[in-house]
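S.K.: So you can see what is in the structure, the chains are spelled out below.
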Amino acid sequence: MADGGGGDAAAPAAPAFDPATAGDVSGMVMLDGELPAAEELMMNSDPVCAMNATNTMSSTFIGSNGHLGNVFVYVKEGLEGQSFPAPTGMVTLDQQGCRYTPHVFGVRVGQTLEITNSDPTLHNIHASPTANDEFNMGQPIQGMRFERTFDNPEIMVPFKCDVHGWMNAYVGVVDHPYFAVTAEDGLFDLSTLPPGDYVLEAWHEQLGTQTQNVTVTTGQTAEVSFTFTAP
Amino acid sequence: MTWLHPYARFVCAATLLLITAGGMVTSTGSGLAVPDWPNTYGYFMFSFPLSKMVGGIFYEHGHRMIASIVGLLTVGLTVWLWRAEPRRWIRQLGVAALATVILQGLLGGLTVLYFLPTPISVSHAGLAQIFFCLTVCLALCTSAGWHRSGALDTHAPVMRDSTVLALATGLPLLVYTQILIGATMRHTGAGLAIPDFPLAFGRLVPPEWGFAIAVHFLHRVGAAVTALAILATLGHLLAHHRARRDLIRPAWLLLLLVLTQIGLGGWTVLSGRAPLINTAHVATGAMVLGTALVLGLRVNRHRFPDARRVGPLRARAPRTATEPAAPGAPV
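Chains as they are written, first to last, in my numbering: chain A, 103 to 333; chain B, 23 to 353.
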């Protein structure tokens with residue numbers, strides 16, 4: 103099953119088809135060329151961040167051995183007309199070490215997104231979607247949390263902290279459970295898909311998007327790979 | 023000696039500082055670093071802890087603090103003018119300045135609460151310059167030099183020179199229009215739409231067009247037109263009114279400022295909008311406007327109610343008149 107960064111919370115709820123007929127998609131996202139070196143984030147503008155941060159390297163490009171991480175992969179076309187009720191569990195976006203965790207993740211339309219501040223400093227959480235309502239909330243106290251939901255699918259909704267300009271995150275809002283975010287090994291799985299023809303899209307914050315057609319058949323695992331060109 | 027004029031100058035300088043601080047907010051992308059308004063993260067503005075003024079909050083909250091101080095200074099100026107200034111139109115100008123700074127504060131709040139919509143942000147930038155112009159007017163019109171220049175017999179050659187009247191009157195309007203174009207470029211993220219300088223994509227004219235490229239290119243064309251207009255004004259003043267040092271000096275200053283401003287504009291592009299350079303560009307733009315306004319007001323001195331008509335000013339002056347007539351002499 104796809105793991106959109108929200109763990110079990112993103113599990114599909116009661117698919118509207120017979121799971122016994124389902125198939126899977128397994129794939130990999132590759133990078134053609136040298137992985138750009140991660141930039142060091144300058145956190146001097148907030149002494150708390152500079153003192154407490156454990157990871158000061160940019161998350162834009164992560165990967166190893168030609169594999170690319172932090173790529174959001176999802177079913178773009180092929181599920182029209184089907185409905186998948188939003189799961190009741192929450193997806194959490196945390197601010198920790200003056201970073202967003204996770205950096206790239208997915209959430210379902212109508213699913214609760216919990217936003218927390220684990221840092222002993224203040225943050226603002228500024229989401230700037232185009233198909234959903236924009237919001238900008240402050241969390242000046244450690245341990246604060248609030249919840250939001252998105253009403254419409256949108257790839258991707260950027261999050262930023264205007265206090266700490268290096269903090270950004272991206273959430274893919276989808277109306278089905280078939281999405282995943284690659285880790286450093288570039289691998290992803292989309293399981294329990296209804297048989298049919300689909301268009302998959304892979305999104306990277308700097309390298310853009312790529313699409314692939316894939317056919318899912320009962321009991322089979324279709325293999326897909328995306329290759330982005332290094333900048 | 024009255025302290026009103028130095029105080030008005032102080033308000034004017036504080037306003038320039040405020041515009042600079044606002045420039046830093048935009049240049050550092052900190053406009054939404056404080057998500058609430060008029061409070062700051064739930065605190066009453068003046069009780070927000072200094073220790074929490076970190077990152078983008080330093081710029082945004084700092085801008086709000088300076089704005090509040092300028093607002094209070096403007097209240098003081100308006101009251102002072104109302105009590106001590108005999109000229110009614112200056113008292114009214116003070117009230118206009120107060121109304122403007124209040125409206126400006128509201129626009130600043132609205133642009134935060136509505137996530138920096140371009141029309142409100144550009145209006146906020148444009149009204150800031152209007153307010154600055156009002157403080158420039160008040161500082162100038164409360165000065166001893168303004169009072170002395172009220173004896174219009176020395177002003178006759180200028181007031182009969184339609185060329186200098188047109189140039190000096192049009193300059194502030196031209197500069198203000200140019201600033202509005204710049205503000206539009208800035209608040210639509212078009213500052214790097216043309217990535218090279220002084221050429222545009224290696225050419226004199228961009229090979230492709232879109233809104234961002236068009237507004238950016240228009241700003242560059244506006245800079246060239248403004249510089250030419252300033253050159254023309256200075257040249258005309260040197261040729262026909264060389265003895266009017268009160269006009270020549272701001273005209274030279276304008277030339278110096280506009281050349282600096284063009285350099286800063288290019289540097290802003292080439293530096294990828296480095297915040298300090300970008301902000302210096304905003305502040306220098308305000309100084310160009312303020313200086314153009316001083317020149318325009320001095321050239322139009324005869325139109326103000328406190329001008330003293332000493333001689334037969336409506337008489338036609340000889341075409342060759344380039345020097346001011348001696349005080350009291352017929353013109």
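The set of hints was computed from the structure by calculation and includes no laboratory data. Just so you know, even glycine gets a beta-carbon here, dropped at the ideal spot from N, CA and C. Any given hint might turn out to be false.
Quick partial rundown of chain A residues pointing at chain B, CB under 10 angstroms, derived from the structure [claimed, not checked]:
no. : residue
1   : 224
2   : 226
3   : 228
4   : 230
5   : 233
6   : 236
7   : 253
8   : 255
9   : 258
10  : 259
Have a look at the derived ranges for each label pair, beta carbon to beta carbon [to be verified]:
no. : chain 1 : residue 1 : chain 2 : residue 2 : range
11  : B       : 51        : A       : 235       : 52 to 58 angstroms
12  : A       : 246       : B       : 131       : 42 to 48 angstroms
13  : A       : 247       : B       : 117       : 46 to 52 angstroms
Incomplete in silico selection of chain B near chain A, CB under 8 angstroms [unchecked claim]:
no. : residue
14  : 51
15  : 63
16  : 64
17  : 68
18  : 74
19  : 76
20  : 77
21  : 140
22  : 148
23  : 152
24  : 188
25  : 217
26  : 218
27  : 227
S.K.: A separate judgement is required for each hint: does it hold in the structure or not?
M.R.: Hint check:
{"no.": "1", "hint": "224", "result": "holds, 6 angstroms"}
{"no.": "2", "hint": "226", "result": "holds, 5 angstroms"}
{"no.": "3", "hint": "228", "result": "holds, 5 angstroms"}
{"no.": "4", "hint": "230", "result": "holds, 7 angstroms"}
{"no.": "5", "hint": "233", "result": "violated, 15 angstroms"}
{"no.": "6", "hint": "236", "result": "holds, 5 angstroms"}
{"no.": "7", "hint": "253", "result": "violated, 17 angstroms"}
{"no.": "8", "hint": "255", "result": "violated, 21 angstroms"}
{"no.": "9", "hint": "258", "result": "violated, 18 angstroms"}
{"no.": "10", "hint": "259", "result": "violated, 14 angstroms"}
{"no.": "11", "hint": "B:51 x A:235: 52 to 58 angstroms", "result": "violated, 21 angstroms"}
{"no.": "12", "hint": "A:246 x B:131: 42 to 48 angstroms", "result": "violated, 23 angstroms"}
{"no.": "13", "hint": "A:247 x B:117: 46 to 52 angstroms", "result": "holds, 48 angstroms"}
{"no.": "14", "hint": "51", "result": "holds, 6 angstroms"}
{"no.": "15", "hint": "63", "result": "holds, 4 angstroms"}
{"no.": "16", "hint": "64", "result": "holds, 7 angstroms"}
{"no.": "17", "hint": "68", "result": "violated, 16 angstroms"}
{"no.": "18", "hint": "74", "result": "holds, 6 angstroms"}
{"no.": "19", "hint": "76", "result": "holds, 4 angstroms"}
{"no.": "20", "hint": "77", "result": "holds, 4 angstroms"}
{"no.": "21", "hint": "140", "result": "violated, 14 angstroms"}
{"no.": "22", "hint": "148", "result": "violated, 23 angstroms"}
{"no.": "23", "hint": "152", "result": "violated, 27 angstroms"}
{"no.": "24", "hint": "188", "result": "violated, 45 angstroms"}
{"no.": "25", "hint": "217", "result": "violated, 16 angstroms"}
{"no.": "26", "hint": "218", "result": "violated, 20 angstroms"}
{"no.": "27", "hint": "227", "result": "violated, 29 angstroms"}
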